[in-house]
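In order, the protein sequences belong to chains S and U.
According to UniProt numbering, the first sequence is numbered sequentially starting from 1.
According to UniProt numbering, the second sequence is numbered sequentially starting from 1.
None of these hints come from the bench; they were simulated from the model.
Since no wrong hints were added, every one of them can be taken at face value.
Taking lysine-lysine and the DSSO-like style, the derived pairs with C-alpha atoms no more than 27 Å apart in a straight line are:
1) U:165 / S:165
2) S:220 / S:332
3) S:165 / S:326
4) U:332 / U:165
5) U:332 / U:220
6) U:220 / S:165
7) S:165 / S:224
8) S:220 / U:165
9) U:224 / U:165
10) S:332 / S:224
11) S:224 / U:165
12) U:220 / U:165
13) S:220 / S:165
14) S:165 / U:224
15) S:326 / S:224
16) U:332 / U:224
17) S:220 / U:220
18) U:224 / U:326
Here is how the chains run, residue by residue.
There are 2 protein chains.
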Amino acid sequence: MSAPLHVPHERREQVAAALRARLPIGAVLSDPEDTRPYECDGLAAYRQLPMIVTLPTNEEQVLAVLDVCRELNVPIVPRGAGTGLSGGALPIIDGVVLSTARLNRIVRVDDYARTAVVQPGVRNLAISEVAAQYGLYYAPDPSSQIACTIGGNVAENSGGVHCLKYGLTVHNVLRVRVATIEGEIIELGSEALDAPGLDLLAVFIGSEGMLGIVTEVTVKLVPKPAAAQVIMASFNDVVTGGNAVASVIAAGIIPAGLEMMDRTSARMVEPFVHAGYDTDAAAILLCEADGTPLEVAEEIERMTQVLEAAGASAIAVSQTEAERMKFWSGRKNAFPAAGRISPDYYCMDGTIPRKNLAQVLTGIEQMETTYGLRCANVFHAGDGNLHPLILFDANQPGEFERAEAFGAAILALCVEVGGTITGEHGVGMEKINSMCVQFERAELDAFSAVKRAFDVPMLLNPDKAIPTPHRCAEFGKLHVHHGAVPFPELPRF
Amino acid sequence: MSAPLHVPHERREQVAAALRARLPIGAVLSDPEDTRPYECDGLAAYRQLPMIVTLPTNEEQVLAVLDVCRELNVPIVPRGAGTGLSGGALPIIDGVVLSTARLNRIVRVDDYARTAVVQPGVRNLAISEVAAQYGLYYAPDPSSQIACTIGGNVAENSGGVHCLKYGLTVHNVLRVRVATIEGEIIELGSEALDAPGLDLLAVFIGSEGMLGIVTEVTVKLVPKPAAAQVIMASFNDVVTGGNAVASVIAAGIIPAGLEMMDRTSARMVEPFVHAGYDTDAAAILLCEADGTPLEVAEEIERMTQVLEAAGASAIAVSQTEAERMKFWSGRKNAFPAAGRISPDYYCMDGTIPRKNLAQVLTGIEQMETTYGLRCANVFHAGDGNLHPLILFDANQPGEFERAEAFGAAILALCVEVGGTITGEHGVGMEKINSMCVQFERAELDAFSAVKRAFDVPMLLNPDKAIPTPHRCAEFGKLHVHHGAVPFPELPRF
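This is chain S alone, in the form it adopts within the complex:
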């Protein structure tokens, strides 16, 4: 689908009128003044005003939007809270944004079955807040959990600092209700162990709004652990730190969190949050244990031994809940801290086999010279999920382009060592070219065939996540000799 440069007034009016005939007053926005807040998501370098924004309040209205768009052949971009970091909710000039913001009801919490049924616009943290009265919580905790919605989490298969032990969204969602482009409701998954037939729940989670609109989500709740403590370990070089991560896992321990930050990151956050980080260390590791007090004490003891044997230069263990929160505060505020020391930053998201941690960190260090930009490394080390923060100044000519090239080079290195181009932020429009690097033609064909199986008219978030053969061919022709993966050319703000 090739987008026009301009949408005729008549077309906008035609689609808006059809939508207004089916939706309540205030649920259809078409004035640019009103649609401006929807022009980008968390990847704010890319912006596009949509033709129309819709705000349905129930499943029937979601189906109405789908009906109108199908009948008038209008592309649809679904949107949760707009906190996504890969441009998955970037609007289309002649398309409709379907916001789930008003589908924000917690339908029920079943403390016996340990499940919650919620609408897609419910915030991630709101689920844990309501479950707290039963001593339960929803485990996946992306950095944006105050704001992001469960519908967006489903679209991006979001993770968080605890997903090493508790899993990604796909491991914590039992069932979704989906409105299809054909205007039907289907349920995928079940509250039981396994669902017969094809596992379409898993294929739906992480599908970035390309297969259908989620109208209800059943999530798994887990008991709040009785106790938790975190170790902060210092290392004199990143290679030793990277190998220590492997040693913890090799010892058969699955920490509740296993995060690594390099010196640049520690020095970036320390003046900001005073987390008590060792800013002389080349890298620090945060290793959390949770469970019963006895389990926590034993695991902290075992992790301490492993980290010492792996060459930690200093070790501190949180002694109170306040201290545990303080240790985590630095990690959790790494992104805002980057904003304090650099006019702009670009948060990458790639994964690698744990054994290649040290090698990739060394590679990124070398790229800092190549691209003339600093990079702060914070990551979910236990999962091998990297979040390098590339620091740049968009007002300096060429820096944005170098930051993008730097990011693409990191992703290409991730693929080279057997990893992937995204851990938990999705492909969206940001990494669509990198998909050509990650996958063979036959694999991309399989993705496209499954996409078409759900969306014959190809109206649901088109041109995201799955590159066309044409795009990969163009991309290969233009860029393969540069040895790095450039980003798609799209309207920039």
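Since chain S is already given, all that's left is putting chain U on it; use the hints.
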């Protein structure tokens, strides 16, 4: 695809000749003497001689079989060890069986990354045997693990007594290589945390050979726990036992195994294996803890408290590894024990929400009267995965039919309480009609569309797992007023 009653000699010779031109000597069987061993799988009541059996020894030969079958329009039934219980490997009269038996090489074990790369014909237990030298093992442990292959486990998303804590096949496989019906190789999944694009690995696992032929599997290995102990708890009625299961889970404990057997089962196995079971109890629970010795001691203590509070009439804890194995021996030999006391038995497989355990057990008890047959209940209680063993004598007129109706009624009850018609044995041909009960038309359409996305000519294990609209319509017309789900009419031995 409607199957003929007879395959012309010329057709068999045409297909066999085309296959022999591409495969080594001995890899194409067409004489009924040679193909007889392939006429059924573990659901031995249903048998069909295939036209031809192929035994490829490498990926290239798998592609050759697919090429020939695609060009000559021959349906293909993939087969692992043939231990499946739902007839997923039941041959087609004019089709080719593609056996993975000779693809039995363990390619490599990486003790650092904790993965093993194996060909699909490698036996489940063989992976753990080779991983044992590194203190690792492959977690999913179906009863048939001595014989069943990893390829078959992938096809059926197999579980086992430890899957409550360690997950099903889908949670323990990182990547598969797949030969498509188009004759291409694709890789689904990755060794990293998450794969970008659609999660086609999850949709492939449990797809019962309908999407492609797996040629290589990368599995996750886990460290052998240092210690393990099992509790055997007795209950005076099944309802109290069922509620005790819920109490264990509600206490925030995830046992390494949580199995329940009713009195019929305990009395059936005790004379056979002398496991020391309480044959006076209405139900016994086996609750296992594993981990470090300290963790095990603490969890056994907590589980004991919970089980006592839930009304256990007696509790025994294994004090040695030999005693632990003895306690498990009864559970693991339940199926052979059924064969000792009854000429025939029919093993069902359904799941229910844990909270409905007591209700469903009571329902099954009532059905014993309705259908005039005994039923021994053994199940993965922690997962809500039931394996009722319906005891019958096929030589008594009408008993087989009553056993099938009994089984179908159990599945219908599972669906009624919010469960599913299969936990880990797959749909195959056995439960294809029950799929019409479980799913709405739009949901079955979604399955079919994804099936077609992978297999345009519809040659891969056709007529299994996903019912056609025609089948559901016929089935509904014929049977909906009976209130039970009959089984498909297929050739019986």
